[in-house]
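Residues in the sequence shown are numbered consecutively from 2, following the numbering used here.
No wet-lab data here; the hints were simulated from the structure.
Be careful, since some hints might not be right.
Using C-beta positions, here's what the derived DEER-type ranges look like [as the list claims (entries may be wrong)]:
#1 A164 to V240: 48 to 54 Å
#2 K212 to V153: 35 to 41 Å
#3 A164 to E243: 47 to 53 Å
#4 V220 to A180: 43 to 49 Å
Even for Gly, the Cβ is constructed at its ideal location relative to N, Cα and C.
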Amino acid sequence: MMGDNANKNRPYAPSMTRRDTLKWMGIMAASAALPGLNACSSGAGQVKQVGATAGHWPELALKPVTAPGYGKDPDLISPPSQIWPRTLSADQLNVVAILSDLIVPAEGEYPSATQVKVPDVIDEWVSAPYASQQRDREMILPLLTWLNDEAVIRGGVSYSALALEQQRLILDDIATLNAQTPAAFERPARSFARLRALVLAGYFSSPQGTKDIGYQGNVAIAGDYPGPSDEALAHINQVIDELGLSAYTWTDPA
Numbered sequence: 002m003m004g005d006n007a008n009k010n011r012p013y014a015p016s017m018t019r020r021d022t023l024k025w026m027g028i029m030a031a032s033a034a035l036p037g038l039n040a041c042s043s044g045a046g047q048v049k050q051v052g053a054t055a056g057h058w059p060e061l062a063l064k065p066v067t068a069p070g071y072g073k074d075p076d077l078i079s080p081p082s083q084i085w086p087r088t089l090s091a092d093q094l095n096v097v098a099i100l101s102d103l104i105v106p107a108e109g110e111y112p113s114a115t116q117v118k119v120p121d122v123i124d125e126w127v128s129a130p131y132a133s134q135q136r137d138r139e140m141i142l143p144l145l146t147w148l149n150d151e152a153v154i155r156g157g158v159s160y161s162a163l164a165l166e167q168q169r170l171i172l173d174d175i176a177t178l179n180a181q182t183p184a185a186f187e188r189p190a191r192s193f194a195r196l197r198a199l200v201l202a203g204y205f206s207s208p209q210g211t212k213d214i215g216y217q218g219n220v221a222i223a224g225d226y227p228g229p230s231d232e233a234l235a236h237i238n239q240v241i242d243e244l245g246l247s248a249y250t251w252t253d254p255a
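Using the sequences and the accompanying hints, generate a full structural model.
Written out as structure tokens, the structure reads:
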């Protein structure tokens with residue numbers, strides 16, 4: 002299903018500065034790449050589960066993040082002296098790193114998700130005090146716990162301690178959410194879909210990720226603007242015709 006360069010023998014070490022993770026998180030929040038859209042320690046809350054044979058989903062008593070944010074009109078001259086803390090534990094961050102590299106492995110000249118520090122940004126994202134980030138927190142942290150629980154059920158060890166092939170087999174069961182998804186995997190699959198969207202948005206918001214998809218951004222053009230190519234213009238006109246809007250388009254009187 003996914004890539005091969007997750008390494009459980011080398012725990013992920015966060016190294017991105019807060020300035021960079023906050024800037025990156027802002028790009029993600031405004032990006033079209035992100036659809037509008039456990040490693041939990043004992044301090045993360047009590048876990049209640051149903052029997053494994055009926056499917057299990059951890060109900061975590063997560064404490065709300067109450068740290069102040071920047072607000073809608075931040076004071077850029079005198080920013081807050083302290084911002085919210087990152088809240089993922091080392092174990093949680095390691096699971097996120099494994100998942101990130103299974104979703105976006107290194108390929109050719111392009112680095113993996115962990116090589117561009119996507120897990121740092123995921124940690125920043127689920128730790129932020131804003132409503133949308135907190136909704137994601139309530140989906141992703143139980144997923145990390147579920148993966149650990151499922152790993153213990155299947156292999157007797159935590160998810161990080163499983164062999165790579167076993168890690169991939171668990172993800173294969175929750176990689177797709179559709180009518181054929183077993184009921185026991187519906188909630189994990191929905192949460193994994195959200196985490197996958199965040200990882201992809203984070204990766205393709207990075208300089209390396211934008212290079213991977215060939216995005217150039219604004220490019221200066223010397224002289225007169227040449228306009229669209231004949232091929233592009235023909236496509237645009239075809240779409241306009243199909244929408245019944247041809248009568249409203251501008252035509253050159255010459």
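Discussion item. Name the hints, by number, that the structure is in violation of.
Written reply: none
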